[in-house]
Amino acid sequence: MIKQNNSPNDDVIPVSHHGAVSVEGISETPRKAKKAVVVGLPNSGKSQIFNNLTGEYSIVANYPLSTIVVKKGQMRVSDEIYEVYDTPGLYCLFIHSEDELAVRDLIYQERPDVLVLCIDANLIKQSLVLAADLIELQIPMVIAINAIDETSRKGMWIDSATLSQITGVPVVESIAIKGIGTNKLKAAIQKARPGRLPIHYGDMMARGIDTVNSLLPDTIAYRHKTAILSLLSDPFLDKYLMDNCSDDQFKKIREAVDDVQGVFKGNLARTINHKRAEWVDSTADKIIKRQEAFTGRFSETIARMCRSVIYGVPILMSIIVATYFLVVNVANWISTEMENIFWAPVRARLDTLITYPFWNDFFIGQYGVLTLGVAGAVLTVLPILSVYFILYNILEDVGYIPNLSVLSKRVFDKIGLSGASIMPMVLGFGCKTMATLTAKSLTSPKERYITIFLIAFALPCAPQIGLNMSLLGKAGIKAFLITFGVLAAIEAAAGLILNKIIKDDDKDSFIQALPAIRMPNLNAVLKKTFYRLFWFLEEALPAFMYASIAMFTLEKTGILKIIKILFQPIVEGFLGLPSEMVDALILVIARREAAAAIIIKMSDNGHLNFIQTIVAVVLSTMFVPCLAHIGIIVKHQGWKSTVWMVVSITVISVIISGVLNWLLYLIF
Amino acid sequence: MKNAMEIDEYLEALWHMKEDGKDSMAELKAGIGGSFSPDIIADCLSEHLATVSDDEQTVVLTFKGEERARRIIRAHRLAERLLFDVMGMTKNLEEGACEFEHVVTPALVDSICTMLGHPKESPQGLPIPPGDCCDTAATTIESSVVHLTEMEIGQSARVAYVNCRKDHELHRLNGLQIRPGVTVKLHQTYPSFVIECEGSNIALDEQIANNICVWREKKYASKPDEPKVKKKRTFFGKGLGLFSKCKKC
Ligand SMILES: Nc1nc2c(ncn2[C@@H]2O[C@H](COP(=O)(O)OP(=O)(O)OP(=O)(O)O)[C@@H](O)[C@H]2O)c(=O)[nH]1
Ligand SMILES: [Mg+2]
Ligand SMILES: [Zn+2]
Ligand SMILES: [Zn+2]
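In order, the protein sequences belong to chains L and D. So the first sequence is numbered by the working numbering: it starts at 1 and just counts up by one. So the second sequence is numbered by the working numbering: it starts at 1 and just counts up by one.
Bound conformation, chain L alone:
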């Protein structure tokens, strides 16, 4: 909802491992800076352009929804300083659900000096619809036609000069991924000007728009566009109008809107859409030139294979198996070697240097700041994450991930979820926190709840998958298959049960744009991997150190022993795990990866057998969602529901793991 006094930075949630700027960072920019907002359809290259303009890094990935929180950066062109915003994808300014509101809110609140419209050259018509919408705001604008490397391969040529003539705004061509066009774009931003839209909606409509426009007070932004949106009965506009007008003004506006709508007999939206579509078609005809012959599209064939059941399932399996072997063999090897080369000698040396037992323990004991805090994060976890992230980032950039939403459609049908919840769940395999944010787009409360619950429950996120694979690899591929099978079964069962318990409501529909399969750019993949690891270290290194100090204190004070004794019946009796697992479970709360580091150590020291490895992984995957994640769930569902969710997930995870332990004993 648009709120007057509420800064749109409400949506800027400081989730640092995705690089979203925290709110504090914003106040530092000088007042004079102009504001430039990068907007465009989902997956059109906005983040890449933002990165090129600002030199910062916002995650670039070949699927829609890779950016879901607004990110800010700075750009300097000659003497001018610009604050640049990277935004989530936008289809049009007419809003139907809350999640789409973020960008419009940003524009209405910040009133940018420049809009940088990023157009995917492959999707000219779709983008022109958005362009028409944005031009009506009358904000100075620039258009960047991006990814022209792909259109030229397809035998398509976009006449940017003509587009500039038609719209009246500067148009630059861009291959953002290679940094081509960045300087021209910077120059164009300085020459940005309001566009023109030669669409005549008809005299009656024009009069209607003017009437409503004249009733809008000065406090309302972009009155022409606001008038059009109110005529279209935009469900989220009334709130904004009410907040920014007196009651009397609001009543008059409503009356005028009703009058005009009455004249058009419910056909108003159609009339506007129809006129626009005509403009889009004729403009596209003028600016797209096609070659008659061009080489076939190999990537299309691959995309189709990934989505079909016959090829898609084997492809998915091969990807999983290949990832497994790379993580288990390569990552574990690197990790061991690094420990041997870097840590073992240092540790030995320190051992002789630090003779005082307390400090010896403090630095290089089991929970020493260096043992767990530094070696655990850098030597145990980092290599595994590096290998896994490279593979995951390649998949991301290829555009493989959204195709999973097609493949898994029927599975979701079975647990009563419409297709709309598939993408959030699939994104959960990347980052659960981000995935929970995308679940905002679900309009059915029931589906939203189930989706958020399932994401929080037994779904492993990218670091978890990597670490679990590495850990299970030590016990063999059978352990890996059993564990992931069990996790999948748990998710399915939870979905089925929640579907039964929660009262039915309107189902969401499934309309999902699928990105084209792309050849991944090695540079881009490495850069993304670097940033992901960097953000991990930035966050995890301090967290690991605090955790190690906390554990050290707990141990030295004897509290850890008491906890262990208290929980012994559950951990050793019911779960069949060594009492060291208590340490891991305490660490899960601080930092999941720290717990993984402990479990990996346990496994390396031979303290975990086949069954125990499986149970430990299943338990630590589900046990307590991470803190950032809980924060987002609270934002969505409120405290009460969140506490209930977290407690039940924790309790259920213990019960399931215990039962699993006994089942495995019966079988093996």
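Note that these hints are calculated values from the structure, not bench results. Some hints could be false.
[To be verified] Subject to a maximum C-alpha distance of 20 Å in a straight line, what follows is the list of computed EDC-like cross-link-like pairs (lysine to aspartate or glutamate):
1) L:Lys286 to D:Glu198
2) L:Lys125 to L:Glu173
3) L:Lys507 to D:Asp167
4) L:Lys125 to D:Asp8
5) L:Lys154 to D:Glu198
6) L:Lys154 to D:Glu196
7) L:Lys251 to L:Asp281
8) D:Lys166 to L:Asp505
9) L:Lys440 to D:Asp20
10) L:Lys125 to L:Glu150
11) L:Lys289 to D:Glu198
12) L:Lys251 to L:Asp234
13) D:Lys185 to D:Asp167
14) D:Lys166 to L:Asp99
15) D:Lys166 to L:Glu300
16) D:Lys166 to L:Asp506
17) D:Lys166 to L:Asp234
18) L:Lys125 to D:Asp20
19) L:Lys507 to D:Glu169
20) D:Lys185 to L:Asp281
21) L:Lys275 to D:Glu198
22) D:Lys185 to L:Glu337
23) L:Lys500 to L:Asp413
24) L:Lys440 to D:Glu169
25) L:Lys239 to L:Asp413
26) L:Lys446 to D:Glu169
27) L:Lys275 to D:Asp167
28) L:Lys125 to D:Glu196
29) D:Lys166 to L:Glu98
30) L:Lys289 to L:Asp413
31) L:Lys507 to D:Glu198
32) L:Lys414 to D:Glu206
33) L:Lys275 to D:Asp85
[Said to hold, decoys possible] FRET-style restraints, in silico, Cβ to Cβ:
34) L:Asp218 to D:Gln155: 52 to 58 Å
35) L:Asp281 to D:Thr51: 56 to 62 Å
36) L:Ile502 to D:Ser37: 52 to 58 Å
37) L:Val263 to D:Thr51: 53 to 59 Å
38) D:Gln155 to L:Lys178: 44 to 50 Å
39) D:Gln155 to L:Lys289: 26 to 32 Å
40) D:Lys166 to L:Leu326: 52 to 58 Å
Note that the structure is predicted; figures quoted are calculated from it, not measured. Even glycine gets a Cβ: it sits at the ideal position worked out from N, Cα and C.
Mind docking chain D with the ligands on chain L? Use the hints.
Chain D with the ligands in isolation, oriented as in the chain L frame:
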């Protein structure tokens, strides 16, 4: 002529009663409302459209009356479908359809029925009485509009209309350029539908795919049919002004 239109109203009401399994005179009075006039009943009797029992308690359509009522109802409900599906009207359906039913010829009704793919129900879910065109449809592949779900994989077709109940979906599809006039290609139907439209691939569930109606390719391959469609469009464009006048029902 005014009289004929009023008779039509009564016949319509009697058809509705028949659908509900009712036949009492009181029911008819209630159905017509304040303007009920025994004169019209008398006219119906003299034209052999309806028969009234001796005690004047029950009234039913004759064969002749039923044929005429059936024509009217068919035109009315097809008009509703047309206004709803093709023109996207959600309000004033009834009004528009009422005016319409009195001005169309049976031949035109049949061609509309064909164009819409011989729909079986009105937007409110009431049955549309089939016409001659519907009986032959099964064999001659006449209908020009089919649901996306009925297309074959690999086939391309132009979208005729999008039949979504929710504004939200319609807008979403519009944003993806799935709108009347564009060409879509069906790539996949299982596990979910995947279509290509203006250069992008879009996955849909079956219910949405079913709501997208496309022109059958053959119709478009042969040029002569093009103007026919255009003509229809202008006809209804003009008609729109006409419909809004119906205040009666
Ligand atoms: N071939 C090609 N690919 C590009 C170009 N620019 C961006 N891409 C790719 O397009 C995909 C999407 O880029 P992003 O910058 O994440 O797009 P976005 O608009 O921020 O996407 P969302 O935040 O998800 O809405 C990535 O896979 C990029 O590698 C380009 O100029 N050429
Ligand atoms: Mg982005
Ligand atoms: Zn009538
Ligand atoms: Zn028919």
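Verification of the hints:
| no. | hint | result |
| --- | --- | --- |
| 1 | L:Lys286 to D:Glu198 | 16 Å, holds |
| 2 | L:Lys125 to L:Glu173 | 16 Å, holds |
| 3 | L:Lys507 to D:Asp167 | 14 Å, holds |
| 4 | L:Lys125 to D:Asp8 | 48 Å, violated |
| 5 | L:Lys154 to D:Glu198 | 14 Å, holds |
| 6 | L:Lys154 to D:Glu196 | 16 Å, holds |
| 7 | L:Lys251 to L:Asp281 | 38 Å, violated |
| 8 | D:Lys166 to L:Asp505 | 15 Å, holds |
| 9 | L:Lys440 to D:Asp20 | 45 Å, violated |
| 10 | L:Lys125 to L:Glu150 | 16 Å, holds |
| 11 | L:Lys289 to D:Glu198 | 14 Å, holds |
| 12 | L:Lys251 to L:Asp234 | 16 Å, holds |
| 13 | D:Lys185 to D:Asp167 | 24 Å, violated |
| 14 | D:Lys166 to L:Asp99 | 18 Å, holds |
| 15 | D:Lys166 to L:Glu300 | 32 Å, violated |
| 16 | D:Lys166 to L:Asp506 | 11 Å, holds |
| 17 | D:Lys166 to L:Asp234 | 14 Å, holds |
| 18 | L:Lys125 to D:Asp20 | 50 Å, violated |
| 19 | L:Lys507 to D:Glu169 | 12 Å, holds |
| 20 | D:Lys185 to L:Asp281 | 18 Å, holds |
| 21 | L:Lys275 to D:Glu198 | 18 Å, holds |
| 22 | D:Lys185 to L:Glu337 | 53 Å, violated |
| 23 | L:Lys500 to L:Asp413 | 14 Å, holds |
| 24 | L:Lys440 to D:Glu169 | 17 Å, holds |
| 25 | L:Lys239 to L:Asp413 | 36 Å, violated |
| 26 | L:Lys446 to D:Glu169 | 19 Å, holds |
| 27 | L:Lys275 to D:Asp167 | 18 Å, holds |
| 28 | L:Lys125 to D:Glu196 | 14 Å, holds |
| 29 | D:Lys166 to L:Glu98 | 16 Å, holds |
| 30 | L:Lys289 to L:Asp413 | 42 Å, violated |
| 31 | L:Lys507 to D:Glu198 | 28 Å, violated |
| 32 | L:Lys414 to D:Glu206 | 14 Å, holds |
| 33 | L:Lys275 to D:Asp85 | 19 Å, holds |
| 34 | L:Asp218 to D:Gln155: 52 to 58 Å | 55 Å, holds |
| 35 | L:Asp281 to D:Thr51: 56 to 62 Å | 58 Å, holds |
| 36 | L:Ile502 to D:Ser37: 52 to 58 Å | 55 Å, holds |
| 37 | L:Val263 to D:Thr51: 53 to 59 Å | 46 Å, violated |
| 38 | D:Gln155 to L:Lys178: 44 to 50 Å | 38 Å, violated |
| 39 | D:Gln155 to L:Lys289: 26 to 32 Å | 27 Å, holds |
| 40 | D:Lys166 to L:Leu326: 52 to 58 Å | 45 Å, violated |
Consistency with the previously given hints fails for numbers 4, 7, 9, 13, 15, 18, 22, 25, 30, 31, 37, 38, 40, ordered from lowest to highest.
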